[in-house]
Amino acid sequence: MINFKKYRILFLIMAAITAVACQKNVTLELSDLEGKHIIVESRILDDGNVQWIRLTWTSSYYEVDWGRPVQGAHVEIILNDHKPFILQPHPNHKGIYYNDTITHFLNNSAAQLEIVHDSKAYKAHSRWEPVPHIDSLSFKRNPLSIVGIYNDTIYDLSVHFRPLDSPDACYLFNLYMNDSLITFRPRHRGFLCTSNTERYISSPVLKIDRSVLKSGRQLTLEMRSISREFYEFNNIFIAQTDFSGNPFAGAPPANIPTNISNGAFGFFQVSSVTRMVFDPPK
Amino acid sequence: MMNLLRFLSQKQPPFRGNPAFLLHWASDSYRTARYILTLLILLTISLSGAAQDYRVTGKVKDASTGDPLPGVNVVMDKKRTGTVTDPMGNFSLEVREGEHTIVFSFIGYVRQVQNIQVTGNLQLSISMERDRINLKEVTVSAEMANRNVERAEMGTVTLDIENIRNLPAFLGEVDVLRTIQLLPGVQSAGDGNTGFFVRGGNADQNLVLLDDAVVYNASHLFNFFSVFNADALNDVKLYKGGIHPSYGGRLSSVLDIRMKDGNTEQYNVNGGIGLISSRLAVDGPIQAGRSAFMVSGRRTYADMFLLLSEDEVQRKTRLYFYDLNSRMNYVINSRNRIYLSGYYGKDVTRLSELFSFDWGNATGSIRWNSILTDKLFADFALLYSNYQFNISGDIGPASFRWNSMLNSTNLKADFRYEWNDRNNLSFGIQGILHNLNPGNIVASIEGATLNDLTLSPSNGLETGIYINNEQSLPGNNLIISYGLRFSQYQVMGPGNQYIFDRRNPLMWQVSDTVSLAAGMFYQSFPSLEPRVSFRYRFNDRSSVKGSYHRMTQYIQQAQSAQSVAPYDVWFAASNNIPAQTSDQVALGYFRNFSDNRFETSVEVYYKDMKNISDIVDNGDILGNEFLEGQLRTGHGYAYGIELLVQKNRGPLTGFVGYTLATARRQIDGINENKPYFAPNDRLHDVSLSSSYSLSSTWSFGVNFIYATGTAFTMPVGKLNYQGSIAPIYGERNAGRLPDYHRLDISFTWNPGAGRPNRRFSSSWNFSFFNVYARVNPISVSFAEKEENPGIPNTSFFYIPGPIPAITWNFNF
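Each protein sequence line maps, in turn, to chains A and B.
Using my numbering, the letters of the first sequence correspond one by one to residues 1 to 282.
Using my numbering, the letters of the second sequence correspond one by one to residues 1 to 812.
No lab work stands behind these hints, which were simulated from the structure alone.
One or more of the hints may lead you astray.
[As the list claims (entries may be wrong)] Below 30 Å or equal to it, Euclidean Cα-Cα: the simulated BS3-like pairs (lysine-lysine) are:
id, chain 1, residue 1, chain 2, residue 2
1, A, Lys-24, B, Lys-785
2, A, Lys-207, B, Lys-785
3, A, Lys-123, B, Lys-674
4, B, Lys-412, B, Lys-375
5, A, Lys-140, B, Lys-316
6, B, Lys-346, B, Lys-316
7, B, Lys-237, A, Lys-36
[To be verified] Some residues of chain B that are not near chain A, with every Cβ distance over 12 Å (derived):
id, residue
8, Val-75
9, Thr-513
10, Ser-524
11, Asn-611
12, Pro-738
13, Tyr-798
In this text, a Cβ means the ideal position worked out from N, Cα and C, and glycines have one as well.
Hey, can you work out the whole structure from these sequences and the hints?
Structure below.
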């Protein structure tokens, strides 16, 4: 159920301990990518909230920016081969295109994204998969925290649920504190794929620092259904951002795969979502 | 010979269809091989001269240790007729009746002259004394003075273990693989790394043999040290080109390492105490003059200091390796000798009770060396190799165990037939049974969240038969060596074969699985491997040589790191991964100066590799049951020029090597099908290794290396995604890390050098690795920092310098 490659970190830890290697920050002379490319982020959930797509440009490697917005694009999503929903540019947040009228979704239905900018069209497909009901949550001190690899205040949040009747179902987990998302980067999120429909799932999905678990706070675990491709996208993205260039990091560096056509980066994913609100444990 | 000819005249292959026998042929390939072998035999017969009257045979050994001496030059009557002792120290010469003079010479030993009266066949036993005066010479070829000019072989280097001891050693550990990395045509896999690449090949394309048994992972401590304990070694030989047909199974090189035999006359103890390890070796007679043993062991002990820690986790942490070498020989009679040898080594890493990772090699060999007739020498061997690793993690519900193992059992027979003084025929046969079991990854506790994962085993039978003749033409100026090896790999059950849907070139999906029944043979991969070389001697000081060889490799390693990581698994040729082949041509000019004080050579080569594999973009090979789907195969090539200048005698000895070379790959499905640089491509590679005797008790050693920076895949931009950044990469291996250069020095103080009669002697070695603290990147990272998300970050992994080391060595 948990992909084995997630435990590559253990090899890296051991290798780092073994090797007397040091790290030194440097600046290299790098070539630049020809032209700029669009990066796509999506938040298309079946929770009745506003749906949005964020479009930004790629940049030179050493250029410090947070993603220059793509303006003037035409963005639409077509649900179940019906009438397209046009996403409007957000008046206050450049690069964000939104729509608050997409409200009805069907499990296993498809969504198609179409972006046109400067006469160049980009397309992607995604599919809503169902998400199971979360039965309960539990906390346990992280084993790596116990032996001092991590900060000694790290806890594992485990989720318990009965898997759906699907041979290959993947999920993304987010944590909200008082309705604010605190797992906003991919490396902070949890990912899980299940392939065994017989076995009840009890699995750690998120690492939480004890400082988050203060009494009086309201915490919410969000579970989204995602495709296997998006699961791989996130795994590779995390590997790139965490282990890139490590001498024991595995395959040669390569670009993160995408499901968007015509040279764009990022990923288009639509998800079903379920949430469970809980109080920090005492 | 008659048996061989009878075998060649058979119309049907022997044992056909019987899987119990090691010889198992594909009929077409068999017929072709038989035809070519017959031609070779006939050619040999047609070119052979008239038989001589009598034969002088014998064995040459080290007088002090009793070890056989391979490669000793045996010259008769100043006529330039002669031979060289084989790996067991044996030689055979044809002579006419009458008085003759035979000269035995070998660098590092006192030249010996024998006057003999020949009235019939004669057997000699030669004991050569070490030359104490020249013992400290640093040479890469401890053999006859102008051997590099005289011998037909090229691309071959022999290392003298005694001389390596005087060179700077990383953390004080004398390591033959580090010395090999200094040679032209050989590149290091990275700073502080014992992995090596030969002439543009991958690290797994080197056949590493310890007493003929394959060592599958020759490294300790994540490649920082090799598994070869110098105390146990007698002879190290690297073949980069012109590889003899008795060797097969790897594309790029053969590293043939022999252990010491043990002294048949007296007991010796030697060892050393260093900063990170200690070692001890004992050898001596079991039965004086008839049998001897050698046992050598070492262990690192850095982790023992952790026991002093107050932190419980640190106290329970383990990080060490040990290895044990042993060898025994027994002289049955003047014509037969038996050798037993074994190696066992293990690395142990434990992170408290949370995580453990152990790995190690074991090899064993039984060899029977026999002089069947005065002309025919035989060597029969049964060899066993094992490599395994065990990983376990007790990580709550994700606890797991992973046990992986690789075994090979090799049965072989090699023969050398001294036809006459112009033809030296060798032939042999071998069969290797491979059992590759990458292992099962199993959840180690009840209710685990990790699914059990079965990595399909792979079994196969690799067979080989070869014949070669080294022929000296009249005048002895031209020597040609021509031979052929026929090899074949047959896939055996049990196991699985996977059928992939390849419509998406970047992501193959398994579409079907075929189960292979245990004990049954399936797909065959036959290969004919011609090997040809020549030497034309202009005079005593210069010659030109050329060679061509084809090599075939049936098992290879999926490498998840820059070099070889302990958890990389080996896999065999299959329906998805064909056998790899390489064709290499080389041409060299060899010239000695100042009475062979200076040896120079220049060699050019071109190597073409087919079905070479690489990992597809974002491939995941760690614990992947469908590993083959993560690899793509294609074409590779390498070419270059190698220069070597070495000084063999005098207070200052050593060598300077320079390589100008390139290595590239073109594999469909990788780098948009465009050619790209191999990870080991280095345009320039210069190395200097030298020793200088400051006095009778002090010597100074130095290594200097300069090489073009390693190829790496360079970011050409970045994408900012949900608050994190990831590089956008350009073409594979299109960038270059900064150039590599490093200076190491050492001082050796041998206070007892002036008193040779003392039984106990000791020396101190002081080494400094990377004296001027050059930052040589092992790799470059573009991973953003946790504390600075979204901010571009580039960093080098490197070994800091200088690293001092001190080692006390003793001998009594």
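Quick rundown of the hints versus the structure:
1. As the CA atoms of Lys-24(A) and Lys-785(B) are separated by approximately 13 Å, the hinted pair is consistent with the 30 Å bound.
2. At most 30 Å may separate the alpha-carbon atoms for a hinted pair to count; Lys-207(A) and Lys-785(B) meet this at roughly 18 Å.
3. Between Lys-123(A) and Lys-674(B), the direct Cα distance comes to roughly 27 Å. Compliance with the 30 Å bound is thereby established for this hinted pair.
4. Distance hint between Lys-412(B) and Lys-375(B) is fulfilled; the C-alpha atoms sit about 20 Å from each other, no more than 30 Å.
5. Taking the CA atoms of Lys-140(A) and Lys-316(B), the gap is near 23 Å; set against the 30 Å cutoff, the hint holds.
6. Only pairs whose Cα atoms come within 30 Å are accepted, and Lys-346(B) paired with Lys-316(B) is accepted, the gap being roughly 18 Å.
7. With a C-alpha separation of about 54 Å, the suggested pairing of Lys-237(B) with Lys-36(A) is violated against the 30 Å cut-off.
8. Against chain A, the non-interface label of Val-75(B) holds: every CB pair exceeds 12 Å, the least being about 50 Å.
9. For Thr-513(B), the condition that its CB be more than 12 Å from all CB atoms of chain A holds, with the nearest at approximately 16 Å.
10. For Ser-524(B), the non-interface assignment is confirmed: its Cβ lies about 31 Å from the closest Cβ of chain A, beyond the 12 Å cut-off.
11. At roughly 19 Å from the closest C-beta of chain A, the C-beta of Asn-611(B) stays outside 12 Å, upholding its exclusion from the interface.
12. Remark: the non-interface label on Pro-738(B) conflicts with the geometry, its nearest Cβ contact in chain A lying 9 Å away (cut-off 12 Å).
13. The non-interface label for Tyr-798(B) is inconsistent with chain A: the shortest C-beta to C-beta separation is roughly 6 Å, within 12 Å.
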